[in-house]
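Dock chain C against chain D, hints included.
Listed here are the chains, written in short residue letters.
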Amino acid sequence: MADPLLAVRDLRVRFETDEGVVHAVDGVDFDVDVGETVCLVGESGSGKTVACESITRLLPDSTAIDGEIRFDGTDLTDCSASTLQSHRGGRIGHVFQNPQDALDPVYTVGEQVVEAIRIHRDVPKAAAREQAVGLLDRVGIGEPEARFDDYPHQFSGGMKQRVVVAMALAPDPDLLIADEPTTALDVTIQRQVLNLLADLQAERGMAVLFVTHDLGVVAEVADRVVVMYAGRVMESAGVDALFDDPAHPYTRALLACLPGRGDPFETIGGSIPDPTDPPDGCRFHPRCPHAVADCERGDHPALRSPAASSGGGRAGTNDGDGTDELDHEVACLLYDDEHALPPELAGVDTEVADD
Amino acid sequence: MPSSDSDSPEFARVDWDAVSSGRRRPRPRTAGFALAALGVVALFAYDLAVAPEATIPVVDWDVNRSGWLVVVALVVVARYVFVPLIADRDRTGRHVRAFLARPAGPLALGYLVAFGLLGLLGPELLEFSYAKLDARLQPPVFGGVDASANAGYSCVGPVVDGVCRGTWQYPLGTNYIGENVIEGLVGGIHVAFKIGVATAVIMATVATAVGTVAGYYGGWVDDLLMRYVDVQQTIPAIVVYIVLSTLFLGNIEGISDGGTFAFVLVFGLLDWGGIARLVRSEAIQRRTAGYVRAAKAAGASDLHVVRRHVVPNSTATIVTALTRRIPLLVLAQVGLAYLALNGTRPASLGEVLRVSLQGRHMPWFLKWWTSVPAVLVLVGLVVACNVFGDTVRDVLDPREEVR
Chain D
1 MADPLLAVRD LRVRFETDEG VVHAVDGVDF DVDVGETVCL VGESGSGKTV
51 ACESITRLLP DSTAIDGEIR FDGTDLTDCS ASTLQSHRGG RIGHVFQNPQ
101 DALDPVYTVG EQVVEAIRIH RDVPKAAARE QAVGLLDRVG IGEPEARFDD
151 YPHQFSGGMK QRVVVAMALA PDPDLLIADE PTTALDVTIQ RQVLNLLADL
201 QAERGMAVLF VTHDLGVVAE VADRVVVMYA GRVMESAGVD ALFDDPAHPY
251 TRALLACLPG RGDPFETIGG SIPDPTDPPD GCRFHPRCPH AVADCERGDH
301 PALRSPAASS GGGRAGTNDG DGTDELDHEV ACLLYDDEHA LPPELAGVDT
351 EVADD
Chain C
1 MPSSDSDSPE FARVDWDAVS SGRRRPRPRT AGFALAALGV VALFAYDLAV
51 APEATIPVVD WDVNRSGWLV VVALVVVARY VFVPLIADRD RTGRHVRAFL
101 ARPAGPLALG YLVAFGLLGL LGPELLEFSY AKLDARLQPP VFGGVDASAN
151 AGYSCVGPVV DGVCRGTWQY PLGTNYIGEN VIEGLVGGIH VAFKIGVATA
201 VIMATVATAV GTVAGYYGGW VDDLLMRYVD VQQTIPAIVV YIVLSTLFLG
251 NIEGISDGGT FAFVLVFGLL DWGGIARLVR SEAIQRRTAG YVRAAKAAGA
301 SDLHVVRRHV VPNSTATIVT ALTRRIPLLV LAQVGLAYLA LNGTRPASLG
351 EVLRVSLQGR HMPWFLKWWT SVPAVLVLVG LVVACNVFGD TVRDVLDPRE
401 EVR
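The listed protein sequences derive, respectively, from chains D and C. If you read the first sequence in my numbering, its first letter stands for residue 1, the second for the next number, and so on. If you read the second sequence in my numbering, its first letter stands for residue 1, the second for the next number, and so on.
Some hints could be false.
Stated by the list, open to error - Some but not every residue of chain D turned toward chain C, in silico, with C-beta under 8 Å: (1) T56; (2) T83; (3) S86; (4) R88; (5) G89; (6) H94; (7) F96; (8) N98; (9) V106; (10) A116; (11) M167; (12) G298.
Said to hold, decoys possible - Which chain D residues stay away from chain C? Per the calculated CB distances, all over 10 Å, these: (13) D3; (14) D18; (15) V21; (16) D72; (17) D101; (18) Y107; (19) T183; (20) D274; (21) D280; (22) A293.
To be verified - Quick list of the computed label-pair ranges, beta carbon to beta carbon: (23) R91/C x D327/D: 41 to 47 Å; (24) E16/D x G116/C: 50 to 56 Å; (25) P236/C x T183/D: 50 to 56 Å; (26) Q100/D x V81/C: 44 to 50 Å; (27) L84/D x V221/C: 19 to 25 Å; (28) D75/D x R324/C: 49 to 55 Å; (29) V221/C x P279/D: 50 to 56 Å; (30) P236/C x E68/D: 55 to 61 Å; (31) R204/D x G93/C: 33 to 39 Å; (32) A209/C x R297/D: 54 to 60 Å.
Read the hints as simulated data drawn from the structure, not as lab findings. We put the CB at the ideal spot given by N, CA and C, even for glycine.
Just chain D, with the same shape it has in the complex (with noise of 0.2 Å):
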């Protein structure tokens, strides 16, 4: 397989408060394919903003950001100003999560579509207003022509949000970085905005790295599933082999909070750690229901195959697609040769499977 566009390793993100350190994000690997849709899904503060944040170095000039994140062949890590510059935007575009504020109140909302045109392209201003006109109209606004003098104030939510979409697009992007684009807005907007994200990546072939805590809006865009709890990665899969065959007992405890499965009123008992003093060994034992003495120990587990240590039964859920279980990872010390698998994770899941 070719190199994928974005290849992040041993990302980690450190800022300096008045608490203490924070490692907002401790060590995290994954990789994004041309065309492909990533999401990064987890818990508030798992470190999934600040993962992708770092991607284009829009945190604090005080944040320390160790690791590599390669973007088509370019490290975005170790790189000339100028040469961030040119990427941010004009390869990765970026979509925030409200878009109350995302629009300039002072400029008409033409005017910031045509700005978002021309910091990349030296365009003549008719030449942008066209395109602007254009784009306006490709993300939903209708009568673009007259809605291009309106002033940001004057849109809803959700026609700001297809405004930001339609000036992240706007120099052509290989990369769409959205941010829980769709959070701030209401449930049949979203889903309108969700469908003219899945329409304008079909049409551009752009891969899209899309973080969110809704496993709702999950099952419906990923391709492939990275799973963050407390700035580590718990678990990376197929969108179908997360959603069929869960490992990780964390992405186990988040699905079962999902409607429709498992019990109706379960919740993870106990909340995210505290950032600045993360417990020893996995992140994620103080809440875990399968956790051995093991688990408190050493470092976070490492990444390793689900299907490896001794799930005969195991591997027949994916027989239509070999490469999800190729990319299944999981952190989880479970998993490994030395510790017996408990019955709950390794059998067939028959109350999930049927789902």
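What follows is chain C alone, placed relative to chain D:
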């Protein structure tokens, strides 16, 4: 609708490599601004080195030092106020309509425009001599004063029933040393205009630069700049001016138009602390705004973000602060001139008031025409500036739109 073709939108068909060129050319307005600035410098050099005594050819102006400051200030105003207004007609049109919808704003602007035109062109066009006339304490036309109170001075106009009537020769009357009141008023407006424009431009430039840099970059830059502002604000500019003027008053007076020049420099360079603080707090708010983060994520440079997003979003604050500051500056100069600490040629309204209230030939309320018009002009300026500033603030803030 030119590009409703959703399968292949307009932007997808553009050959970007052909369109984009490496380095950007300077924009026409930057080039024009540089040319105008060079022109001013050339004229200044000509005035200074080649022909200090002669007037500038063609326009026949003898521009003095403070005059040069005003010329530079006007070039800056043209570049940063009028050129953007003209360049972006759509936006200007919207702003003008919103402005006209608020009746107080146009009235205030009308007053300020009249004030500015009179101050800029009045003394040249009306060919004032500022001569002292023999005809002293003449009442204004349509006015009159008890002839017996006019002790020792002949009445130019007719004396009707013991009342000396004014004449068209001196439309606003004359004061007790025989100065034409209208010349004094227009001359005072001229000085106030120069002081207001030149000081405001210097203050706005320094305050915006310092405030934005401190607020946007934060950290030690912020600490350094704001501690300096603290120190500067402990000593008000007016105190600095008074000390300097007592130390060097003779020297300042010796220089042609030294009073205006010294006032503009001292207040322009030392009185911007409060505005810088306001701009800084705006910049801090803007720094974390979604559109600033979005612009950076879209590849905009810091300079671009500051110029395109941070400063424009602070414009309403800067304009409001300036419109409150300008009348205070003019009043400060009037006060200093009243105390004979700031001599200007022509005399400022402060000096006009001082002269008009001196002299024991007639109590001040009988010779009201020498002082009341000057006071009214100043009151009008203060009110007009404040009303104008509030209206502009409302117009520039699109969130305030109520329709």
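Evaluation of the provided hints:
Taking 8 Å as the C-beta cut-off, the interface hint given for T56/D holds, the closest approach to chain C being about 7 Å. A distance limit of 8 Å between C-beta atoms decides the matter here; for T83/D the minimum to chain C is near 11 Å, and the interface restraint is violated. Evaluation of the S86/D hint against chain C yields a held restraint, the C-beta minimum of about 6 Å falling below 8 Å. Proximity of R88/D to chain C holds as hinted, the smallest CB-CB distance being about 4 Å (cut-off 8 Å).
The closest approach between the C-beta of G89/D and any C-beta of chain C is roughly 3 Å, which is under the 8 Å cut-off, so the hint is satisfied. With 8 Å as the threshold, the beta carbon of H94/D comes within range of chain C, its nearest partner Cβ sitting at about 4 Å, so the hint holds. Annotation: interface hint on F96/D holds; nearest CB of chain C at approximately 6 Å, less than 8 Å. Interface restraint check for N98/D: the shortest CB-CB distance to chain C comes to about 6 Å, inside 8 Å, so the restraint holds.
Among the interface hints, the one on V106/D holds; its C-beta lies about 5 Å from the nearest C-beta in chain C, closer than the 8 Å criterion. Hint status for A116/D: holds, given a least beta-carbon distance of 5 Å to chain C, under 8 Å. Hint status for M167/D: holds, given a least beta-carbon distance of 7 Å to chain C, under 8 Å. A distance limit of 8 Å between C-beta atoms decides the matter here; for G298/D the minimum to chain C is near 38 Å, and the interface restraint is violated.
Distance check for D3/D against chain C: the nearest CB is about 24 Å away, which clears 10 Å, and the non-interface claim stands. Every beta carbon of chain C lies more than 10 Å from that of D18/D, the smallest distance being close to 16 Å; the non-interface claim holds. Once the 10 Å rule is applied to beta carbons, V21/D is consistent with being away from chain C; the minimum gap is 19 Å. Remark: the non-interface label on D72/D is consistent with the geometry, its nearest Cβ contact in chain C lying 16 Å away (cut-off 10 Å).
Not every CB of chain C lies more than 10 Å from the CB of D101/D, the least distance being 4 Å, so the non-interface label is violated. Not every C-beta of chain C lies more than 10 Å from that of Y107/D, the closest at about 8 Å, which undercuts listing it as non-interface. Look at T183/D: its CB is around 14 Å from the nearest CB on chain C, clear of 10 Å, so calling it non-interface holds up. Every beta carbon of chain C lies more than 10 Å from that of D274/D, the smallest distance being close to 25 Å; the non-interface claim holds.
Even its closest Cβ contact with chain C, about 35 Å, leaves D280/D beyond 10 Å, as expected for a residue assigned away from the interface. Once the 10 Å rule is applied to beta carbons, A293/D is consistent with being away from chain C; the minimum gap is 45 Å. Distance hint for R91/C and D327/D: a CB-CB separation of about 52 Å, inconsistent with the stated range 41 to 47 Å. The hinted window of 50 to 56 Å between E16/D and G116/C holds, with their beta carbons roughly 53 Å apart.
Distance hint check for P236/C and T183/D: the Cβ-Cβ separation is about 51 Å, which falls inside the suggested range of 50 to 56 Å. Distance hint check for Q100/D and V81/C: the Cβ-Cβ separation is about 31 Å, which falls outside the suggested range of 44 to 50 Å. Separation of L84/D from V221/C is about 22 Å and conforms to the stated range, judged on CB atoms against 19 to 25 Å. Under the hint 49 to 55 Å, the C-beta atoms of D75/D and R324/C, about 52 Å apart, fit the expected range.
Taken as a hint, the range 50 to 56 Å is violated for the pair V221/C and P279/D, whose Cβ atoms sit roughly 39 Å apart. For the pair P236/C and E68/D, the beta carbons lie near 57 Å from each other, so the given range of 55 to 61 Å is met. The hint said 33 to 39 Å for the Cβ distance between R204/D and G93/C, and at roughly 37 Å that hint holds. Between A209/C and R297/D the Cβ separation comes to about 57 Å, which falls inside the hinted range of 54 to 60 Å.
In this structure, the earlier hints numbered 2, 12, 17, 18, 23, 26 and 29 are contradicted, and the remaining ones agree with it.
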